[in-house]
Amino acid sequence: MGGQRLTFSASGNFTCNVCGATCVRPAEMGRETASCQGCISTVRLRGLIALLSQELFGAQLALPDFPDLKGLRGFGMSDPPNFAAQLEKKFNYTNTFYHQPPTIDITKPDPAEFGRYDFIISSEVLEHVPPPAEAAFANVYRLLKPNGLFLLTVPYGINMQHKEHFPELHEYALAAPGGKIVLVNRRRDGSMEVFENLCFHGGDGSTLEMRVFTEETLRATLHAAGFTDIHIGTENVAEFGVEHAEAWSLPIIARKGKVEAPIAPLARSYAAAAQRRRELDRELKTVQAEYEKHIAFHNDSQKEMERLLAERLEWVKKTEDLLEERTQWALTLDKDYKDLLAHLDHAKAEARSELDRLAARKWVKLGRKLGALD
7 MGGQRLTFSA SGNFTCNVCG ATCVRPAEMG RETASCQGCI STVRLRGLIA
57 LLSQELFGAQ LALPDFPDLK GLRGFGMSDP PNFAAQLEKK FNYTNTFYHQ
107 PPTIDITKPD PAEFGRYDFI ISSEVLEHVP PPAEAAFANV YRLLKPNGLF
157 LLTVPYGINM QHKEHFPELH EYALAAPGGK IVLVNRRRDG SMEVFENLCF
207 HGGDGSTLEM RVFTEETLRA TLHAAGFTDI HIGTENVAEF GVEHAEAWSL
257 PIIARKGKVE APIAPLARSY AAAAQRRREL DRELKTVQAE YEKHIAFHND
307 SQKEMERLLA ERLEWVKKTE DLLEERTQWA LTLDKDYKDL LAHLDHAKAE
357 ARSELDRLAA RKWVKLGRKL GALD
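Position 72 (the sequence shown) corresponds to 78 in this note's numbering; numbering is contiguous.
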C-alpha cells in the first residue's frame, strides 16, 4: 500500500479487549493475524473496540468491562461471530448480513430504519459493495441518530490512486467459462463488458473486491455523506494488543455527532464497581492479615529452628572436641604401649645377656675346679 512502517515492542503478554483473554504476544502481530487465543481477534478488530471505548468512556477498557448499555442500539455488517457475540452482551446490538437474516442491504436500506442507531460497525465490507460506494456511506449516515458513530475498516492505501474496478457496473453476474471466474456486466447503455483477473477476499465468488480506497478518498466520501468529524485510529494500545504495524488500513471513526452513554446504566455500573472494590478491599485486608500471621509464624518457626540448629552445632562442636581429645589420648596410649614393648624387649635382651654371662662364668669356675682350665 506504500507509506511509513511503524514499529512497536512485541514483548510480554496482552489482554484482548474483545473477549478479555490474556494472550501471548506473537513476535509479529499483523493487521489480519488471529493473535488472541480466546476469540481469535485481530489487531483490526481490537482497534475498533479501542476507538469505541475511547469514544464512549474517554478511557481504554476491555469490552467485558464495559457497563451494560442496552439503551444504545447498534448493528454490524457481517461481523465475525465471536466479535458480534461480545458486543451483543453489552449493547442492543445486531449482527446483520447481506445474504441471510437479519438482513440489511446497505445500498438499499429500509427507510423505516433511518435515524434508529447510535453506532454502526462495518469491518472490511465497503470495499465490496457495488458502485457507487458513496451511496452506501450516505445510507450509513441516514441510519444513524443525530449523535451517532460510524466505526469502520477497509483496506486503503496512501500515496496511491483510488481505483474503481467496475465503474459502469449495472446488471452483472459471475461466470466461469473454462473454469476461470470472470465478471460479465451489462452497462446502462446496453453494451456488454467482461472483466478477468478478479480479486476476492476470503473466497471466490462471495467477497469480490469492487475498489481500492485511499485515505484521501475515504475522508472525502465520509465528508460528502455528512460526517463532520473523522478520526483515523493511529494510536497503539499495547496493553490490549492494538499495535498497528502499518500506517495504512487503520480503523476509522466518523462522528455524526457526539454519542452520549446513558447516565443511569453508567451510574449502576459505577455503583457495582465501587461495591466490588469495597469487597476486594475487604478481601485484601483479610489476605494481608493472614499473610502477616503466616509471616509471624514463619519468623517464630525460623527463630526456633535457628536456636535448635545452634544447639546442634554446639553439640557437634563439643563432640568433635571430645573426639579429638579421645583421639589424642588413644594416640598417647598407643605410643606408651609401644615404648613399653620396646623397653620389655630391651630388658629381655639384657637379661639373656646377663644369663649368658653368668652361665659362662659358672662353667669357667667348674673347669678350673676340675683342673681342665688353667
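A couple of the hints might just be wrong.
As the list claims (entries may be wrong) - Here are the computed lysine-lysine pairs in the BS3-like style, where the Cα-Cα straight-line distance is at most 27 Å:
(1) K151 to K95
(2) K95 to K76
(3) K368 to K354
(4) K324 to K309
(5) K169 to K96
(6) K264 to K151
(7) K368 to K95
(8) K114 to K169
(9) K309 to K354
(10) K96 to K264
These are calculated hints, taken from the structure and not from any lab test.
Hint check results:
1. K151 to K95: The given pair, whose Cα atoms are some 21 Å apart, holds under the 27 Å limit.
2. K95 to K76: holds, 9 Å
3. K368 to K354: holds, 21 Å
4. K324 to K309: holds, 22 Å
5. K169 to K96: violated, 38 Å
6. K264 to K151: holds, 10 Å
7. K368 to K95: With a Cα-Cα distance of about 135 Å, the restraint between K368 and K95 is violated, given a limit of 27 Å.
8. K114 to K169: holds, 23 Å
9. K309 to K354: violated, 66 Å
10. K96 to K264: Roughly 19 Å separates the two Cα atoms, so the pair holds.
Of the numbered hints given earlier, the model fails hints 5, 7 and 9; all others are met.
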